[in-house]
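*Asks:* Sequence order for the protein chains is L and Y. Counting in this note's numbering, the first sequence runs from 1 upward without gaps. Counting in this note's numbering, the second sequence runs from 1 upward without gaps.
Keep in mind the hints are simulated off the structure, nothing from the lab. Predicted model only: the values in this text are computed from it and were never measured. Check each hint, because a few of them may be wrong.
Because identical chains share one entry, a pair is satisfied inside a single copy or across any pair of copies.
[What the hints assert, rightly or not] Below 16 Å or equal to it, Euclidean Cα-Cα: the simulated EDC-like pairs (lysine to aspartate or glutamate) are: (1) Lys201 with Glu235; (2) Lys373 with Glu116; (3) Lys304 with Glu77; (4) Lys329 with Glu80; (5) Lys162 with Glu184; (6) Lys304 with Glu80; (7) Lys93 with Asp29; (8) Lys135 with Asp180; (9) Lys135 with Asp29; (10) Lys304 with Glu87; (11) Lys161 with Asp125; (12) Lys161 with Glu116; (13) Lys185 with Asp308; (14) Lys230 with Asp356; (15) Lys373 with Asp215; (16) Lys367 with Asp349; (17) Lys329 with Asp125; (18) Lys373 with Asp115; (19) Lys299 with Glu184; (20) Lys299 with Glu77.
Protein chains: 2
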Amino acid sequence: MLKFELLKKANKKKGCELSRARLGTITTDHGVIDTPIFMPVGTLGSVKSISVEELDHCKAQIILGNTYHLYLKPGCEVIEHLGGLHEFIRWDKPMLTDSGGFQFFSLAKLAKFSDEGVAFQSHIDGSRHFFSPEKAVEIQMIIGADIMMSLDWCIGHPASKKQTRQALDKTTLWAERGFDFWQEKGAVNNLFGIIQGGMFKHLRSLSAGQLTQIDFPGFAIGGLSVGEPKNLMYEMADHTLPLLPVHKPRYIMGVGTPEDLVELVGIGCDMFDCVMPSRNARNGQLFTSWGTINISNAKFRLDKEPIDMNCNCYTCSNYSRSYLRHLYKSRELLSYRLNTIHNIYYYLDLMGKMRDAIRQDRFFEFKTAFYSKRQN
Amino acid sequence: MLKFELLKKANKKKGCELSRARLGTITTDHGVIDTPIFMPVGTLGSVKSISVEELDHCKAQIILGNTYHLYLKPGCEVIEHLGGLHEFIRWDKPMLTDSGGFQFFSLAKLAKFSDEGVAFQSHIDGSRHFFSPEKAVEIQMIIGADIMMSLDWCIGHPASKKQTRQALDKTTLWAERGFDFWQEKGAVNNLFGIIQGGMFKHLRSLSAGQLTQIDFPGFAIGGLSVGEPKNLMYEMADHTLPLLPVHKPRYIMGVGTPEDLVELVGIGCDMFDCVMPSRNARNGQLFTSWGTINISNAKFRLDKEPIDMNCNCYTCSNYSRSYLRHLYKSRELLSYRLNTIHNIYYYLDLMGKMRDAIRQDRFFEFKTAFYSKRQN
Chain L
1 MLKFELLKKA
11 NKKKGCELSR
21 ARLGTITTDH
31 GVIDTPIFMP
41 VGTLGSVKSI
51 SVEELDHCKA
61 QIILGNTYHL
71 YLKPGCEVIE
81 HLGGLHEFIR
91 WDKPMLTDSG
101 GFQFFSLAKL
111 AKFSDEGVAF
121 QSHIDGSRHF
131 FSPEKAVEIQ
141 MIIGADIMMS
151 LDWCIGHPAS
161 KKQTRQALDK
171 TTLWAERGFD
181 FWQEKGAVNN
191 LFGIIQGGMF
201 KHLRSLSAGQ
211 LTQIDFPGFA
221 IGGLSVGEPK
231 NLMYEMADHT
241 LPLLPVHKPR
251 YIMGVGTPED
261 LVELVGIGCD
271 MFDCVMPSRN
281 ARNGQLFTSW
291 GTINISNAKF
301 RLDKEPIDMN
311 CNCYTCSNYS
321 RSYLRHLYKS
331 RELLSYRLNT
341 IHNIYYYLDL
351 MGKMRDAIRQ
361 DRFFEFKTAF
371 YSKRQN
Chain Y
1 MLKFELLKKA
11 NKKKGCELSR
21 ARLGTITTDH
31 GVIDTPIFMP
41 VGTLGSVKSI
51 SVEELDHCKA
61 QIILGNTYHL
71 YLKPGCEVIE
81 HLGGLHEFIR
91 WDKPMLTDSG
101 GFQFFSLAKL
111 AKFSDEGVAF
121 QSHIDGSRHF
131 FSPEKAVEIQ
141 MIIGADIMMS
151 LDWCIGHPAS
161 KKQTRQALDK
171 TTLWAERGFD
181 FWQEKGAVNN
191 LFGIIQGGMF
201 KHLRSLSAGQ
211 LTQIDFPGFA
221 IGGLSVGEPK
231 NLMYEMADHT
241 LPLLPVHKPR
251 YIMGVGTPED
261 LVELVGIGCD
271 MFDCVMPSRN
281 ARNGQLFTSW
291 GTINISNAKF
301 RLDKEPIDMN
311 CNCYTCSNYS
321 RSYLRHLYKS
331 RELLSYRLNT
341 IHNIYYYLDL
351 MGKMRDAIRQ
361 DRFFEFKTAF
371 YSKRQN
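In isolation and in its complexed conformation, chain L is listed as follows (with noise of 0.2 Å):
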């Protein structure tokens, strides 16, 4: 079972802005996270075009695998069969897979909802598949996750509070029996609950007083980031992170751009995960401390420096701009991991620069100085 240990607290106000961004660990059987933390997705048992060595590079402490994908390619069978996929994919510090939820709503074909569960057309080659809540947890369990997340019906913007509220029910359901067969199970590793309840806040509400109600380790938001405007998003989280347990790790899911991350933590999330600094790297868009740039650009032609003068990345510690152009350019296979490396640091150096600033007391700060360098 994870420990969560509350390291700060802070709940400072400065002129009208209320600051309740937490500084944390999350100890696990596979070591110890420093929250708040950013999780590299490595969808299919790889955070594409990278190592791990380059993930430890990079200062990832924990990565995210997808339950739906890893279930469909390698599958089960082998993943068992090699010894888990820590073990599969030579990674040894913590991992967090998800329960397929989020796919189910963004990939796989005719999804349909049940209080059984899932039915499932494979997105690869349609085969037909059912996702019990057990069996989600079950899954999880066979590729080893040290957090695994309760099986979840994720809905799309705009829904109906009717829709929203049928697939809330449903979560709660799953949540219910997933958490039950977990326990059944001996309770190893770690189980969390998914809250949803789409853009209504007293769905929200409702979903969050349901299942605190069910011992999770920890809980997570999700049914964000699914096409509804950034301020609702924000609005979203900000009236749902305050009625979660405060001894408990808190994950918003899928979100976000480096702004969003500073936002959430200001507002006390403590776990991450996305895909866009790898899918962004892949397609040539870097982050950097004054904002983003496209490495394609013709102005980086000739261009000696490293991508940003401030970044102690691989990348930017040996190649110039101009480099990095001609690879992004010629579809070299490098690139795409040059570019990688450079923004799974840069999230992760920045997640390291919030906590630091927590520790410090200086989290008003260190925003104010984030956003003053944005040009973009």
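Start from chain L and add chain Y according to the hints.
*Replies:* Okay, now just chain Y, sitting in the frame of chain L:
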């Protein structure tokens, strides 16, 4: 100017077989190369999918860049502005560039050959360009290659005696002009001549006779591996190698399979390059001591073993065939990297084993053992 030291020159008979394998060192401004050596191909300023640190891990001593490709992308202005290709790509060991001759044959559109050089259209955008023998050297000087190649006319197989003779004559003419230009420019770096002559022994003799009149620091045999049967390639190499100066390095361009390397080292070739280890890696074909395997094969689905138990590469030291198969089948970018590391390591390890065998006077024994292990 490079220094070639011939450390050992076998000239041994066993039964009816003669070994002419040679052991040597080539000293350049960027370090010493042990020969016989294989040069991984870094077409566009990157050995596809791997980093310079991984090249070091694979024990690469020299890599090859393609002048035709680099001239088109990123272009001489970029490379010159960034301080040469070594600095641009952060490779501090020796580098060889070809002259473009092979790409005029294989890739460029509408190449037109004259005494003055080659007019061609870019395979990328159809833009028109012209390489004189002087320009080919000049570009390579900008690139900063430790070993540059003289402009040559490479023809396919089959080709008539007349065509072959025409290409040979131009190659000799250009070799003289390129050499003179190189001398005028202070003879910085090193320039090798390329023997042509197609599949006609007397034309190979003629070309070698003409080219070796010029005091190049080394010689290459070009125009092989252009579609001819394997035994014809060996026959031409076997005929031509003894016509080259003993105390200068001998390089067979664009060859080959592991078997080719063993055969050609045995008849006195010192240097090789080929895209095979890297290209085949990206197609899932991996080299082992018993032959090649295709990692996509279903039999590797649950296979916990490394590619080759006897291989010490990063990939074999860490990953199972099962994981490598999963990555390959999922088209994960890490797949190309892990496969390429293994194949390049295999090639360079094979060269190291051949050098050891020559040094210890047991090249025949090595060759017998090499073939006795092969299963395919």
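*Asks:* Run every hint past the structure and note whether it holds.
*Replies:* These are the hints, each one checked on the structure:
In this homomeric assembly, Lys201 and Glu235 come within 16 Å of each other (Cα to Cα) only inside a single copy, at 9 Å, whereas the closest approach across copies is 81 Å. With identical chains, the CA atoms of Lys373 and Glu116 are never at most 16 Å apart, being 51 Å at best within one copy and 56 Å at best between copies. Taking the shortest Cα distances, Lys304 and Glu77 sit within 16 Å of each other only across copies (13 Å), while inside one copy they are farther apart (49 Å). Taking identical chains as interchangeable, the C-alpha atoms of Lys329 and Glu80 are never at most 16 Å apart, the minima being 40 Å within one chain and 18 Å between chains.
In the homo-oligomer, the alpha carbons of Lys162 and Glu184 never lie at most 16 Å apart, since the shortest distance is 33 Å inside one protomer and 84 Å across protomers. Within a single copy, Lys304 and Glu80 get their C-alpha atoms only as close as 48 Å, which misses the 16 Å cut-off; across copies the closest is 12 Å, which meets it. Taking identical chains as interchangeable, the C-alpha atoms of Lys93 and Asp29 lie at most 16 Å apart only when both belong to the same chain, with a minimum of 9 Å there against 44 Å between chains. Taking the shortest alpha-carbon separations for Lys135 and Asp180, only the intra-copy value of 12 Å comes in at or below 16 Å, while the best inter-copy value is 76 Å.
For the homomeric pair Lys135 and Asp29, neither the shortest alpha-carbon distance inside one copy (23 Å) nor that between copies (63 Å) is at most 16 Å. Only between protomers do Lys304 and Glu87 lie at most 16 Å apart by alpha-carbon distance; the minimum there is 11 Å, versus 40 Å within a single protomer. In the homo-oligomer, the alpha carbons of Lys161 and Asp125 never lie at most 16 Å apart, since the shortest distance is 34 Å inside one protomer and 55 Å across protomers. Taking the closest pair of Cα atoms, Lys161 and Glu116 never come within 16 Å of each other, the shortest separation being 22 Å inside a single copy and 78 Å across copies.
Taking the shortest Cα distances, Lys185 and Asp308 never come within 16 Å of each other, neither inside one copy (49 Å) nor across copies (39 Å). Within a single copy, Lys230 and Asp356 get their C-alpha atoms no closer than 26 Å, and across copies no closer than 65 Å, so neither meets the 16 Å cut-off. Within a single copy, Lys373 and Asp215 get their C-alpha atoms no closer than 42 Å, and across copies no closer than 60 Å, so neither meets the 16 Å cut-off. Proximity of Lys367 and Asp349 under a CA criterion of 16 Å is satisfied intra-copy only: 14 Å inside one chain copy versus 53 Å between copies.
In this homomeric assembly, Lys329 and Asp125 come within 16 Å of each other (Cα to Cα) only across copies, at 14 Å, whereas the closest approach inside a single copy is 33 Å. Taking the shortest Cα distances, Lys373 and Asp115 never come within 16 Å of each other, neither inside one copy (50 Å) nor across copies (59 Å). In this homomeric assembly, Lys299 and Glu184 never come within 16 Å of each other (Cα to Cα): the closest approach is 60 Å inside a single copy and 36 Å across copies. Taking the shortest alpha-carbon separations for Lys299 and Glu77, only the inter-copy value of 14 Å comes in at or below 16 Å, while the best intra-copy value is 50 Å.
Checked against the numbered hints given earlier, the structure breaks hints 2, 4, 5, 9, 11, 12, 13, 14, 15, 18, 19 and satisfies all the rest.
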